[in-house]
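From first to last, the protein sequence lines are chains A and B. For the first sequence, my numbering begins at 1 and goes up steadily by one. For the second sequence, my numbering begins at 1001 and goes up steadily by one.
No lab work stands behind these hints, which were simulated from the structure alone. Some clues are possibly wrong.
[To be verified] Facing chain B, according to a computed beta carbon distance under 7 angstroms, are these residues of chain A, among others: (1) Gly176; (2) Leu177; (3) His178; (4) Ser179; (5) Pro181; (6) Met185; (7) Tyr186; (8) Ser189.
[Unchecked claim] Using C-beta positions, here's what the derived DEER-type ranges look like: (9) A:Ala112 x B:Glu1118: 53 to 59 angstroms; (10) A:Lys146 x B:Gly1019: 46 to 52 angstroms; (11) A:Gly20 x B:Gln1095: 53 to 59 angstroms; (12) B:Gly1052 x A:His162: 37 to 43 angstroms; (13) B:Glu1118 x A:Ser194: 23 to 29 angstroms; (14) A:Leu26 x B:Ser1181: 32 to 38 angstroms.
What you are looking at is a predicted structure, and each value in this text was computed from that prediction instead of being measured. The beta carbon of each residue, even a glycine, is placed where N, CA and C say it ideally should be.
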Amino acid sequence: MDKCHINIAVLEPSTLLYEGLSTMLLKTHHHYYFYRFADLEELSSMCEGTNFDIIVVNPSMVQNKQKAFIRIKRKMPKVFWMALLYSYYDNELLNLFDTILSVTDAPENMLACFEKACISCRCAVEQGKNKLLSDREIEVLVALTKGLTNKEIADLMNISVHTVMTHRKNIIEKTGLHSLPALTMYALSKKLISFDS
Amino acid sequence: MADLVIENPSLLLLLEHFGMETALNDISIGHLCKQYRVNTPVFLLLCNLYNGFFPQRKDLNPEQYSLPDLIKYLKSSHRFYTSEKYPQIQNYIIQLHRTQRPEDIKQLENFFGEYFQEVLEHLAYEEEVVFPYCNQLLQGKKPGNNNEGQHAFCSTEYRDHHTDIETKLVDLKNLLLKHLSLDGDFILKRKMLNALIELENDLYIHSQAEELVLLPLLERLELKDRNG
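Produce the entire structure from the sequences given, and follow the hints as far as they go.
Below, the structure written as structure tokens:
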């Protein structure tokens, strides 16, 4: 997923507010892309095709539709959900959001809120990038550095020797490292094993 | 020749291997080889390898190459590896101690140390086994019979040695480039990577020279030897 820009979906009936919010955000150095939705159903139909990072919602749009909202939230686990308030809503509804903005907030505070959301989106992506090897591959790698044979690793992990070979092949491909000493150094540098072991 | 060196400065190393003076004037390759009594086909082939042109084995006629000149080059590049390139990299690793935690460096040091040892063994094998074997063949002696086959030369084993040396070097390069973060030591990291890449290129040329010319020449000599 390309993360040079941030996709923001907005669920807000007021055009004035939508235009104001997007204009304010576009003045910052971030590459924001805006998508406006008329209601929850429209957002729900779009949520699978597009990778939204932040979704700004007027809570009136989800009031009395909490169940549908929770379903959509579950479909998009990586999204940062923001509520944009200009009237009172009860806490039960507001607790469904990651953060709450009020139209009366100072622009700096609002921007800071978006900034924070961007950072959390980026962190999630970075973590994904850092995770070069899958959990199973890491298990194989650790076993290899302990000097276990393919057969021993297969028995330990309850998989076939063939699968161990596939994991090994993938480890070599992903790290670019072929020899055991180099792989050991890799595991040490990523703190997958310790010096004592 | 000077034009070639200006195009590709790494040819200076080739001149050095053959003990050729670098004040080249406008001398041609043919003249240069004549002056230093170097077999021109060997020199040209090596120039091509350094320039990134790798001919197919079947396109080469081994007959035209002089084995002693090739060995002269191989021996000289061994010296380049053992007394210049590897110590240079080792030195960089030692310098890392100034900025990095000792436990991080220790692994790198061990890895490099073991690897260097392997390289030295391989080079020693070439110097002590392969090259003398070549000389004996050239002089028309029958080395296999004299030494009870102890020194019998096996080209597949030889190739394995090479692949192993190259693989470990690639590993070292990848570790530095992709995985190890040497906090803040950019300059040293760059120097090390440059040295490793230079070494990798040179080792590749070295092994190509052996694959393309040394082995076919040896096979031919062996055949001659067997047929009396």
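Next on the checklist: Quick check on a hinted range of 23 to 29 angstroms for Glu1118 of chain B and Ser194 of chain A, using CB atoms only.
Outcome noted: Once the Cβ atoms are compared, 27 angstroms apart, the range 23 to 29 angstroms for Ser194 of chain A and Glu1118 of chain B holds.
Next on the checklist: A range of 53 to 59 angstroms was offered for this pair. Does it hold for the Cβ distance of Gly20 of chain A and Gln1095 of chain B?
Outcome noted: The hinted range 53 to 59 angstroms holds for Gly20 of chain A and Gln1095 of chain B, with Cβ atoms some 57 angstroms apart.
Next on the checklist: Under 7 angstroms is the threshold here; is the Cβ of Leu177 of chain A close enough to any Cβ of chain B for the hint to stand?
Outcome noted: This hint holds: Leu177 of chain A lies near chain B, its Cβ roughly 5 angstroms from the closest one there, short of 7 angstroms.
Next on the checklist: Please check whether Leu26 of chain A and Ser1181 of chain B have a Cβ separation lying inside 32 to 38 angstroms.
Outcome noted: holds (36 angstroms)
Next on the checklist: Let's test the interface hint: is any C-beta of chain B closer than 7 angstroms to that of Gly176 of chain A?
Outcome noted: holds (4 angstroms)
Next on the checklist: Next item in the hint list is Met185 of chain A. Is there a CB on chain B closer than 7 angstroms to its CB?
Outcome noted: holds (5 angstroms)
Checklist entry - Do the Cβ positions of Lys146 of chain A and Gly1019 of chain B conform to the proposed distance bound of 46 to 52 angstroms? => result At 51 angstroms between Cβs, range holds.
Next on the checklist: Does Pro181 of chain A hold up as a contact with chain B if the rule is Cβ-Cβ below 7 angstroms?
Outcome noted: At about 5 angstroms, which falls below the 7 angstroms cut-off, the nearest Cβ of chain B leaves the hint on Pro181 of chain A intact, so it holds.
Item to check | chain B contact restraint for Ser189 of chain A - C-beta distance below 7 angstroms | outcome: Holds: closest Cβ of chain B sits about 5 angstroms from Ser189 of chain A, inside 7 angstroms.
Checklist entry - Would you say the C-beta atoms of Gly1052 of chain B and His162 of chain A sit inside 37 to 43 angstroms of each other? => result Given about 40 angstroms between the Cβ atoms, the range holds.
Next on the checklist: Just to be careful: measuring from the Cβ of Ser179 of chain A to every Cβ in chain B, is the smallest value less than 7 angstroms?
Outcome noted: With Cβ-Cβ at 5 angstroms, under 7 angstroms, it holds.
Checklist entry - Against chain B, with CB atoms and a cut of 7 angstroms, does the hint on Tyr186 of chain A hold up? => result With Cβ-Cβ at 5 angstroms, under 7 angstroms, it holds.
Hint check: no violations occur; every hint is consistent with the structure.
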